[in-house]
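Participant: Letter by letter, the chains look like this.
Protein chains: 2
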Amino acid sequence: MHASELSTPALVVDLDALDHNIDTMSAARPGPRTRPHVKAFKSTALARHVADRGGHGSFCCATLKEMEGMVGAGLDDDLLLANETLDSPRLARLAAATRQRITVAVDSPETVDAARRAADLARCEISVLIDVNVGLPRCGCAPDDAAGLADAARRAGLEVRGVMGYEGHVVGEPERAARVRGLARSLEHLRVAHEAVGGGLVSAGGTGTFDLHDWADEVQAGSYLLMDTHYARLELPFRQAVFVDATVISANTRGAAVADAGLKSFGMDHGEPSIIGQSMFFSSDEHATFFVDPDHPVGVGDRVRMIPAHVDPTIAYHERMWVLRGDDVLDEWPVDLRNW
Amino acid sequence: MHASELSTPALVVDLDALDHNIDTMSAARPGPRTRPHVKAFKSTALARHVADRGGHGSFCCATLKEMEGMVGAGLDDDLLLANETLDSPRLARLAAATRQRITVAVDSPETVDAARRAADLARCEISVLIDVNVGLPRCGCAPDDAAGLADAARRAGLEVRGVMGYEGHVVGEPERAARVRGLARSLEHLRVAHEAVGGGLVSAGGTGTFDLHDWADEVQAGSYLLMDTHYARLELPFRQAVFVDATVISANTRGAAVADAGLKSFGMDHGEPSIIGQSMFFSSDEHATFFVDPDHPVGVGDRVRMIPAHVDPTIAYHERMWVLRGDDVLDEWPVDLRNW
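Chains as they are written, first to last, in the working numbering: chain C, 1 to 340; chain L, 1 to 340.
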């Protein structure tokens, strides 16, 4: 099938660009030094491709639904829920469904207790990472509280594998020097916590700091695989690999036109998507109104290709991604891990 | 089931508030004077409830998927695709799947031709509304072009039912007086077009102008059913009826806490969602970080209730909505019309 035959809006993946991104990361951080983050693509088919081509066997997830899907797909050699949960029954079912030991982030007595109850219910072992606040005001305990939490976890019979900390306030800094400085401050917190906690694993980072981590054992990166215009500002060695193809459905206003992909096709928290060769004006629920470049005239029925400003919440709107090489549709990958 | 037993994030609908909204609209604009817009809720179960309680038998849709779902649910007495499409084969299958005549918006020779080809393929009749630009730079022909398009449609054997125009640049104006002025300007365009086109139907408007239309035959309103914080600014007689329930999963920072609903739970184009009783700080993919009101302390494991800033792209992220009366879960309505 030719890409122009896809019903629009269509989420499409440029396989050559994706493979370039996989190869670039696996050369820089091979095997267990990268823990690809499933939240950025929400597809077991894409995860399988990353595992096969990139040689990464450990993944992390943001939701139990993602964890369950990865277990179901047999991609569960070393799965980390890099997020807090209190849902012990569901965590227990997950732990019982895999032969491997799952790991969950904990940052409070309540989340330690939830993991312990899940282990009891499932009658199997669960490991934890102590989630440390390294400057992003979100989850993670204060570095000084990490030792106490680790002790509580060990007393509860949970294996404490080490620490994790996500410098989410740093990874999007456009200037590399600013990322270097911000990361150094964040890692000070993580070092303090790791010394107090012990364990063999330090997990940190993301796409924006993937090549700045020399101390952490692994980087939790996901956006590098498909990319977006927000990360493109960082001039990383990754290519744009995901797009939304849309059809021009109206062109009545001189100098402007309307394509059939809008607010329900794109995560909007990083602003408007871009249209290749055109200038975006504004989005409506199912429309992109754009200014037509005189050098790239379009008419009703033509296709345009759009780039998301933020990949993760864009993917979560779509049922499937179409895998392209050039204009040939090679495959269809379900976005099977969305919702909760 | 009690609402606190729902796995979070959970999209919940307050049935009493929804029914208040249905009753308020059907009192103001009974039966065919309101054409509820399916794009705002994307659920045939909710549409059925609106039809049964509100007595509205005509609906409009923004996508072919919504149209197909409404036909499949038997809610197809008078269905309008209030949007342009070029997908004749799919439109033909839709037209063949219902015993009623479907109506589609057209605003160009190309969309007229697409409707004609669909009618030919399906061997049945299709009606059109001439979509007129009334000031929103999106779809719709210039008022002066409406007569020519109507002639072309009639020559192609399509019934021209009349005109539609959506004053989307007006419906969100917070000041009622500004909406009145804006609507008057828009309706001048629509009157010119209607005089030239003829036909018995003038379709216009939305939630923000529902009580300002005396000339148009019907108003295409959808947001009034569930509402959001953006429309709440207009002080309309509709109540907030949809929420996202979330669980507090982390509370390590003094004065702040984190709930498990983020960018993949809320359309963000109108800004951050709100948290009842708390002050929102920022959203991440699966997190809402918020400042805790000292008068409403929360701890890990507590529930919070959030309000979307924009209802339509929020609903499109969710698989289902839970129907509540107070804290009792009465029903589960699938969001069966999302995607395309």
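No wet-lab data here; the hints were simulated from the structure. Mixed in with the good hints, there may be bad ones.
According to the in silico footprint, chain C covers these stretches of chain L (three or more CB under 8 Å from chain C) [to be verified]:
(1) 45-54
(2) 83-95
(3) 212-218
(4) 232-243
(5) 276-286
Beta carbons: idealized from backbone N, C-alpha and C, even for Gly.
Participant: Indicate, hint by hint, whether the structure satisfies it.
Facilitator: Verification of the supplied hints:
1. Requiring three or more residues with a Cβ within less than 8 Å of a Cβ of chain C, the coverage given for the region 45-54 of chain L is violated, as only 0 such residues are present.
2. Closer than 8 Å: that is the beta-carbon criterion, and the region 83-95 of chain L has 6 residues meeting it against chain C, so the requirement of 3 holds.
3. Restraint check on the region 212-218 of chain L versus chain C: 0 residues with Cβ-Cβ distances below 8 Å, three needed, restraint violated.
4. Under the rule that three or more residues need a Cβ within less than 8 Å of chain C, the assignment of the region 232-243 of chain L is violated, with 0 such residues.
5. Residues of the region 276-286 of chain L lying with their CB closer than 8 Å to a CB of chain C number 5, which satisfies the three-residue condition for coverage.
The structure shown violates the earlier hints numbered 1, 3, 4.
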